[in-house]
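Chemist: Chain by chain, the residues:
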Amino acid sequence: MVSVWKALGLAAGLCAALAGCGGHAGSGGSGDDGAAGGTADVLVIYSPHSPAIRNEFGRAFAERYLADTGRTVDVRWPDAGGSSDLLRQVQDKYAAGIRDVDVVFGGGAIHSQLAALGLLEPYRLPDDVLAELPTTIAGEPLYDSEFRWYGAAVSSFGLIYNANMIADRGLPAVSQWSDMARPEFFGLVGVVDAAQSGSVRKAYDIILQAYGYEQGMRVLMLMGANARTIGRSSSDVPKDCGQGFIALGACIDFTAARQLAGPGGEQLGFVLPEKLTVTNTDPIGILRGAPHMDAAQRFVRFVMSRQGQMLWCLKQGAEGGPRDETLARKCVVRAIYAERRTDLAAGIEDPFAAPVNAFYDQAKENARIEILPAYLKAMMVTNKRLLTEAWDAVIAAGRPESLVAELTAPLVSEDEMLRLGAEVWAKPADASMSEADRQKEIDRRNRLRSDTELSWNEGFRSRYKAVAAKARELKKR
Amino acid sequence: MSNAMVANFVRRTGWNARTVVPLAVIVAMMAFFLVVPLANVLKLALWTSDGPTLHYVANALRSSTNREGILNALLLGIITTAATTVLSMPLALANVRLKFAGKGLLSAMLLVPMILPPFVGAIGMRQLLGPQGVLNAALAALGLVDPAAATDWFMEHRFLGVVVLQTLHLYPIMYLNLVAALANIDPSLEDAARNLGASRTTLFRRVTFPLMVPGYFAGAILVFLWSMTDLGTPLMFEFRDVIAVQIFNSIYEAGAPDPNALVLLLLAMVAVIYYGAKLILGRGGHEMMARSVQAPAGRRAGAAATFACWMLFGAVILAAAMPHLMVILTSFSDQWSGTVLPPILTTAHHREALSHDLTLPSIRNSFFYSLAATGLCAVVAIWVAQLLVRRRFLGRHLLDAMVMLPLAIPGLVLAFGYLNCYYGIGKHLVDWGLWSRNYLYPEANPILLLIVAYAVRRLPYMVRSAVAGLQQTSRTLEEASLNVGASPLRTLLRITVPLVAANLIAGGILVFTFSMLEVSDSLVLAKTREFYPLTKAIWQMFTDEFRTFQYAVSSALGVWAMVLLAVSLLVSSRLLGRKMGAIFRA
Numbered sequence: 001m002v003s004v005w006k007a008l009g010l011a012a013g014l015c016a017a018l019a020g021c022g023g024h025a026g027s028g029g030s031g032d033d034g035a036a037g038g039t040a041d042v043l044v045i046y047s048p049h050s051p052a053i054r055n056e057f058g059r060a061f062a063e064r065y066l067a068d069t070g071r072t073v074d075v076r077w078p079d080a081g082g083s084s085d086l087l088r089q090v091q092d093k094y095a096a097g098i099r100d101v102d103v104v105f106g107g108g109a110i111h112s113q114l115a116a117l118g119l120l121e122p123y124r125l126p127d128d129v130l131a132e133l134p135t136t137i138a139g140e141p142l143y144d145s146e147f148r149w150y151g152a153a154v155s156s157f158g159l160i161y162n163a164n165m166i167a168d169r170g171l172p173a174v175s176q177w178s179d180m181a182r183p184e185f186f187g188l189v190g191v192v193d194a195a196q197s198g199s200v201r202k203a204y205d206i207i208l209q210a211y212g213y214e215q216g217m218r219v220l221m222l223m224g225a226n227a228r229t230i231g232r233s234s235s236d237v238p239k240d241c242g243q244g245f246i247a248l249g250a251c252i253d254f255t256a257a258r259q260l261a262g263p264g265g266e267q268l269g270f271v272l273p274e275k276l277t278v279t280n281t282d283p284i285g286i287l288r289g290a291p292h293m294d295a296a297q298r299f300v301r302f303v304m305s306r307q308g309q310m311l312w313c314l315k316q317g318a319e320g321g322p323r324d325e326t327l328a329r330k331c332v333v334r335a336i337y338a339e340r341r342t343d344l345a346a347g348i349e350d351p352f353a354a355p356v357n358a359f360y361d362q363a364k365e366n367a368r369i370e371i372l373p374a375y376l377k378a379m380m381v382t383n384k385r386l387l388t389e390a391w392d393a394v395i396a397a398g399r400p401e402s403l404v405a406e407l408t409a410p411l412v413s414e415d416e417m418l419r420l421g422a423e424v425w426a427k428p429a430d431a432s433m434s435e436a437d438r439q440k441e442i443d444r445r446n447r448l449r450s451d452t453e454l455s456w457n458e459g460f461r462s463r464y465k466a467v468a469a470k471a472r473e474l475k476k477r
Numbered sequence: 001m002s003n004a005m006v007a008n009f010v011r012r013t014g015w016n017a018r019t020v021v022p023l024a025v026i027v028a029m030m031a032f033f034l035v036v037p038l039a040n041v042l043k044l045a046l047w048t049s050d051g052p053t054l055h056y057v058a059n060a061l062r063s064s065t066n067r068e069g070i071l072n073a074l075l076l077g078i079i080t081t082a083a084t085t086v087l088s089m090p091l092a093l094a095n096v097r098l099k100f101a102g103k104g105l106l107s108a109m110l111l112v113p114m115i116l117p118p119f120v121g122a123i124g125m126r127q128l129l130g131p132q133g134v135l136n137a138a139l140a141a142l143g144l145v146d147p148a149a150a151t152d153w154f155m156e157h158r159f160l161g162v163v164v165l166q167t168l169h170l171y172p173i174m175y176l177n178l179v180a181a182l183a184n185i186d187p188s189l190e191d192a193a194r195n196l197g198a199s200r201t202t203l204f205r206r207v208t209f210p211l212m213v214p215g216y217f218a219g220a221i222l223v224f225l226w227s228m229t230d231l232g233t234p235l236m237f238e239f240r241d242v243i244a245v246q247i248f249n250s251i252y253e254a255g256a257p258d259p260n261a262l263v264l265l266l267l268a269m270v271a272v273i274y275y276g277a278k279l280i281l282g283r284g285g286h287e288m289m290a291r292s293v294q295a296p297a298g299r300r301a302g303a304a305a306t307f308a309c310w311m312l313f314g315a316v317i318l319a320a321a322m323p324h325l326m327v328i329l330t331s332f333s334d335q336w337s338g339t340v341l342p343p344i345l346t347t348a349h350h351r352e353a354l355s356h357d358l359t360l361p362s363i364r365n366s367f368f369y370s371l372a373a374t375g376l377c378a379v380v381a382i383w384v385a386q387l388l389v390r391r392r393f394l395g396r397h398l399l400d401a402m403v404m405l406p407l408a409i410p411g412l413v414l415a416f417g418y419l420n421c422y423y424g425i426g427k428h429l430v431d432w433g434l435w436s437r438n439y440l441y442p443e444a445n446p447i448l449l450l451i452v453a454y455a456v457r458r459l460p461y462m463v464r465s466a467v468a469g470l471q472q473t474s475r476t477l478e479e480a481s482l483n484v485g486a487s488p489l490r491t492l493l494r495i496t497v498p499l500v501a502a503n504l505i506a507g508g509i510l511v512f513t514f515s516m517l518e519v520s521d522s523l524v525l526a527k528t529r530e531f532y533p534l535t536k537a538i539w540q541m542f543t544d545e546f547r548t549f550q551y552a553v554s555s556a557l558g559v560w561a562m563v564l565l566a567v568s569l570l571v572s573s574r575l576l577g578r579k580m581g582a583i584f585r586a
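Residue numbers (the working numbering), protein chains in the order written: chain B, 1 to 477; chain W, 1 to 586.
Same shape as in the complex, but just chain W (with noise of 0.2 Å):
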């Protein structure tokens, strides 16, 4: 081959070695850590020992249920994704234009749906809504309601109810995304705007908006699909009619590959949307210069504009955090029913909970497990937002499309994926002496499949987070500094990370929760006592029949995981608004 038949190749693909180098490493990773345990299940619904077959797939689109289940999935990913937004908009223009009393407090107290444990929140919502809950004791002492006829609120309006817990559990990410993107709105553009004589709605329209674009759509792809593929809020109102919960009464059953035919159809669905979307909404954004010489720390509010931010923060707040108050007030009690109250608060739960040998060793596991997917999301995530915002090379949608991919897969899909997947080659890294034990095989030790599962599951959140940032940021930074001599690696720690530093908290903060709370793999992977994380944790004690009270003690540990929770993010959420604020050094 010739040099100039190599150059023309490099010039027409892309594939300089920049470009290649990373771009082969995260292919390998993914296709290793992602592609293959999604084949395994995927070449079941379309090879038989005939070969190829559509038979399944057929089949799947040929079931009224299922195709009913496609659309009722759509429909919920629709409706909540406009709810999200038309709830955290005002949200986050508040917090970053406004300034007023408590707004520190306020902002970090929005974050609080993302800390609720999971089965420990179902109880609590059932505490809320159920025929013996509190909303129907509380219609009963106002008379509204015969407590003999009583309603049982999971059974009405199911799918309102879903579009309900659905919204107050993801606005954050859409609050989170649109917050990092105000701050990198530079003012100086809003600020012509409105020289030039724009009214404030003319402003948002055709100024703000348009610039917070990327933001916008890495909040709402994620939203959308999450809500789309969710499975434990469609559970717990028993609203059986999406796929998600059609792939999950089927998945376990040994026989005809019918749910893997339903797994390869979502796949498809969310490519097609995800596609779509792009089309529309995120191609590109608008570049900017420069964020502002000065921090753009918001006016000060009056004391009408004050009271209306307390109103609208504390309305949300308290809304979405009606399950953590139920999970907190079943940890006091021991027989909450029938009334609006328990009767009888008690710590005997809590001390039974925090003196249980599972409790400080699974949360130092989860501690552990997810800071190091975080860091590991981090660092995948910039590389890949690099390739695909600052380079242009053939097969770059397909990068794109592969990092998105987790957000498809249901979870369980994935968590039993990695069930026995690689311990032949574990085995063979054993075998040759590079192991002592065999780390691709959850029964020897999970820790390492738990930390990668976690990382690639959450990996979407914290690719689209820093795309978003990268898009909103000038290439001429960057091209300055290598300018003057920097090297690519220096560039890309001194320059790039810390431009994009608010938006790379903002998707840590969702790794992390998200990786504390995590449920499907956590159950699935973490087989022995001592590497449980805490997730499983409190499965142990919700599931453990000899134990009275397991719902209240239960609940005691998932107390625990929100306060634990609650502080770290605390911690980020500072650190993110000093990001906000930035100054700008040259």
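Chain B with its partners taken away, still in its complex shape (with noise of 0.2 Å):
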């Protein structure tokens, strides 16, 4: 039919033009292979960072860039997804034999992943730099030993909470990691997927350590009992809090200072739990075999310098700061705070200056980084109905301590979950292996991962139905 076919011709005709106007058809896209771009040199870097971040590193490097070698640099940003995107995405990557990316910025906690897989490339940074840098920051290293990577900035885990909500149900004030177990906020806390956020699961790993194991788990379960739901990211929790979803839950200062000091921010307020201060640092680090390591190691410089340093925390139009938008993030430099007190974007105090974790214990932290958030999965994930259907039975048969000590009594042992995490979690750590050898042991323990997960899986669900079981029945009674 004659229409049919006008439209059809419509059709390509409207495609041949989209096509042709504008200018994604002929022109360039990242990682040329080879082709000959123009005279500009090239930096490739993965950053979950959002992109007034990149826009300030990016210009003000550029800048630098030129003024030292008087080159142009294209610093480009392909698209990388959130942290655990990431760490996944630069696996594959090397596991196919690509090679096209220089730099990790930011991503919240994974630089130790990266640099245990191997794939961080050393680089010491010159003296100068070096040396205005603090060594620790809450009692763990700000840089890694061997150089593969640097805490670029500093931000701090914290409680968000909805004053309104809590003074209209007349819910207790909050101040402690430990108040999110608390029963009054049942349905009410917002938790995140250990799994899914690296500075979730570290600000998990310090409970633990904090509270003691059996303690902290006990916390951590009644934690995910209360939760509304178990989110993806940690910057959903300060949004669902300014909703109204959740009356409280943790969050990183630098998302809940912008819950703030947005619309409907009165009624949220932060606090940071006395002695149990949970720092995160965001890394940087050049990619093993990166393409262009002039450039990548140029950066790394400019981002650990003051010049780049300040662009973190200062005011937007300040001397040396963005030009654009304040970042309002604490920077790693000390002299910073110090020389420029005025300049400094609101909220922003020396981090270096709080009190240090004494408890804290760097190596369990990554003995366990892998078997934690698989456990606290099983634990408060993958069965967070059932979870919440027995604390709902608990709490209405008036908690009785032997119920909630069921309830809460970890799986496995501190030590346990240490020695899986060592023998069957990690990579097989031994050199000499030959190829063949390694891949036959990541497979034995890739099945004894699967059997331990499942077992930890049908464990759970059987104890939280029988504890529903026992706490309906002494309802009953």
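By construction, these hints were calculated from the structure, which means they are not laboratory data.
Some hints here could point you the wrong way.
When the alpha-carbon atoms are kept at most 27 Å apart in a straight line, the in silico DSSO-like pairs for lysine-lysine are as follows [unchecked claim]:
1) Lys-465(B) to Lys-475(B)
2) Lys-427(W) to Lys-43(W)
3) Lys-427(B) to Lys-364(B)
4) Lys-465(B) to Lys-476(B)
5) Lys-43(W) to Lys-427(B)
6) Lys-440(B) to Lys-93(B)
7) Lys-440(B) to Lys-43(W)
8) Lys-93(B) to Lys-475(B)
9) Lys-427(W) to Lys-93(B)
10) Lys-93(B) to Lys-278(W)
11) Lys-427(B) to Lys-440(B)
Join the two chains into one complex using the hints; note that each chain is given alone, in its own frame.
Modeler: Okay, structure coming up:
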């Protein structure tokens, strides 16, 4: 029929017109495979940072590069998703033999994993830059002993809460991590899956270390039981809090600050639990075999130098500060806090002056960096519904201590978890293994891992059902 | 090989030249762009250094959580399909058989649910059903609830919420296929039944519905499979006990390939359901000789019937359009919490969205990708439909399964599959000087892979529509054309395609709209701003924490996406309307 063909012809013409006009048809994308670009040098960065941060650092670095070398640099930021996506994508690329990314900038706490996988290139900063950097922050190293990564900025975990909701419903005041486990906050807590966010995983690990393993697991489990939902991204918590979906939740200071400064922020509050500071360093590192090594090293040098660091913490428009947006992040060069006090963005204080975690054991955190999220997932993500029902029943039965203890007892001891972490979850460390043997060992560990996770899953499931049944029985009597 | 042996072989397998050539091309394309990335995912679940293994599949089945997830997915599929049937059938019948004032506009507006943009649509729902949302505010204003103890409607009756939302979102698929099927029915068959004294219900049950079966099957299987594998709606309601969410939660984590085994289970489930449904519903249908000599415009409805139609269409449209309304209102408001309507309205966010440097390029990109994908889909679908309906050959069922496969694969699985899969091949083509850049590697240039991904993902819709159309059309018409000397290609273009035009347009509407609003491939494959499709531009604004009113601004862009799509739908709906009333030309 004529009309059908006319329509198709029109559509085809439209297609051709769209393809013809506009830049994408002939112009470049990132990562040209040897095709000649212009005369600019190139730097490719994977970063989950927001466009505002990328713009400020990209622009300032390009200016510095031009001043130092007389050449222009094209800084490219291909999209890599959030921190867990980023880790996965880098691993997939290396497995496929693709080397087209130079630097990883940001991404929460994935640097230790990247380093453990051997994906980072050591690069020692010049002495004058290193001299300005403290060696530790809140008891943890600020940069890798082998110089594979550096903490480029620092942030703290705290509790954001909705003061209006708390007042309206007569809920207790919020000041500690363990408040998330209180029965009054049933259904009103924001929780994030540790498997999806490295910074959240770290926060949970610190809770375990601060309260001790048994008590810590109780706090985590009841927090999960109180959760409205288990989210994927830590930035969901402040938003949910602002919209009245949850009354409190753990989140990073700068996301909370933005929520508090935004519309409706006056109903919100943010508190850093005393003595249990959870500090995150936002890493930067060069990827192994980076195609533009010189530019990559210059970028790392720039970010860690005073010039780069000032972009984080100074107000927009201040000398040396960001040009378009106040980034409001805590930098790692202490001298800036002292010398530029009046130009600091609102709410930015020297994080190195905060009390140090005396109890913090970095080695322990690293040892369970993969197994802890898997365990917590079986505990409160996969079986969330049953956990919530069990806790609901226990609360209704008056929370007898024996039932609560039964509900919250860990399925594995701390030592057992560390052992499994080293023998099953970790990649085989023996460098003398042949590739074939290594693969066999990886497969063996994968099978064990699958079996262990299955047993945890079934273990928690049956326990939650049993406890719920007992609680209901108790309530009837 | 003697001539006799070859002839025998051809006769027994049905692999003559006219069949084998298109078959080989289609299979090669599907193998390259679908089977290969999928195989990469599945092989991790089935193969280790010690050889093949069922360890992970066994563990996946042993997990009670997974079994629950599978059961819930099946239940969801069944209930949603039933609900969409009940909803769409009267609408389709009214559309095709009746003429009433405002029918054109109302029929076009029925397609409104399809144009809900991602991310902001979910925000719209939260604005409606959240503790500080519109529903609670309305109930509080009526004195029915205490605002301090506001209900979080997402948490009550989650399964029901998912069913309702899915039904309201998916009924257009059923509706479009039913409309095309009804349009293809030869009215003389129904006239004959009526003349023989059949009552209205008997007529529907014994004549109309059996003749509609191919179209119903097309719609039902798509709705069922989509509902079963849907990720967005269960996530919105935090309903995690379905297999799609369980896969989503674990597919990124490096480690044991348990999620890969889940993907395999899902595929197996889909295959079983699809073949089961085909056995019951999808076999052949009834080919009809003629449409009608006169355009079947439907009989004019009386006042009561017109009113009833308005009520029916109106109620469905209103319910289905609630999220859209919320998105529109959010885009015009600064801060909207706890009230039925936003306190202040402003156009600032629209101005911001429209002046954003991503907006115009992303709209242009999306149109280009989606139109190209629709075209590619249509061409492949016609070929596939011809093979499946008009020919008998060995491997027919495998071809059918292959083109339906994309429905079963979770979106992100395929998207991640495309990321590094073809890097090597593309690199060779660049090294040999055939290409200036690596079009098979999204970080270099994602255009080709985006178009192919959109097309592959939506191919089942187009194929089912085309197959339904061919099943309703008599092959004698094509045979007559061949008999008078027209080449097969000419027959295809001048006879076959126009006869199934209604079905192709129905399928095309679905493919185009869903491609414009596609999420997984757009997010994962479009890595640089110049290639961003519209959905990624919305996502960018949605997640930009430095933007004060990020929800409002991204909603504003979402509104413009809806406007664009509404216009496209209106145009295609009119085309479809005319096709439906087309006079058969000899």
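Chemist: Hints first: check each against the structure and report whether it holds.
Modeler: Checked hints:
1. Annotation: proposed proximity of Lys-465(B) to Lys-475(B) holds, straight-line Cα distance about 15 Å (limit 27 Å).
2. For a cut-off of 27 Å, the pair hint linking Lys-427(W) to Lys-43(W) stands: about 24 Å separates their Cα positions.
3. A threshold of 27 Å between alpha carbons decides the hint, and for Lys-427(B) with Lys-364(B) the separation of about 17 Å falls inside it, so the pair holds.
4. For the hint pairing Lys-465(B) with Lys-476(B), the CA-to-CA distance comes to about 17 Å; that is within 27 Å, so the pair holds.
5. Taking the CA atoms of Lys-43(W) and Lys-427(B), the gap is near 20 Å; set against the 27 Å cutoff, the hint holds.
6. Restraint check for Lys-440(B) and Lys-93(B): the C-alpha separation of about 22 Å stays at or below 27 Å, so the hint holds.
7. Among the hinted pairs, Lys-440(B) with Lys-43(W) is consistent with the structure: their alpha-carbon atoms are about 16 Å apart, no more than 27 Å.
8. Restraint check for Lys-93(B) and Lys-475(B): not satisfied, since their Cα atoms lie roughly 56 Å apart, outside the 27 Å limit.
9. Under the criterion of a C-alpha separation no larger than 27 Å, the hint pairing Lys-427(W) with Lys-93(B) is consistent with the structure, at around 14 Å.
10. A distance of roughly 41 Å separates the Cα atoms of Lys-93(B) and Lys-278(W); the hinted pair therefore is violated under the 27 Å criterion.
11. Distance check on the hinted pair: Lys-427(B) and Lys-440(B) sit about 11 Å apart at the alpha-carbon level, within 27 Å; holds.
In the structure shown, a violation is registered for the earlier hints numbered 8 and 10, in ascending order.
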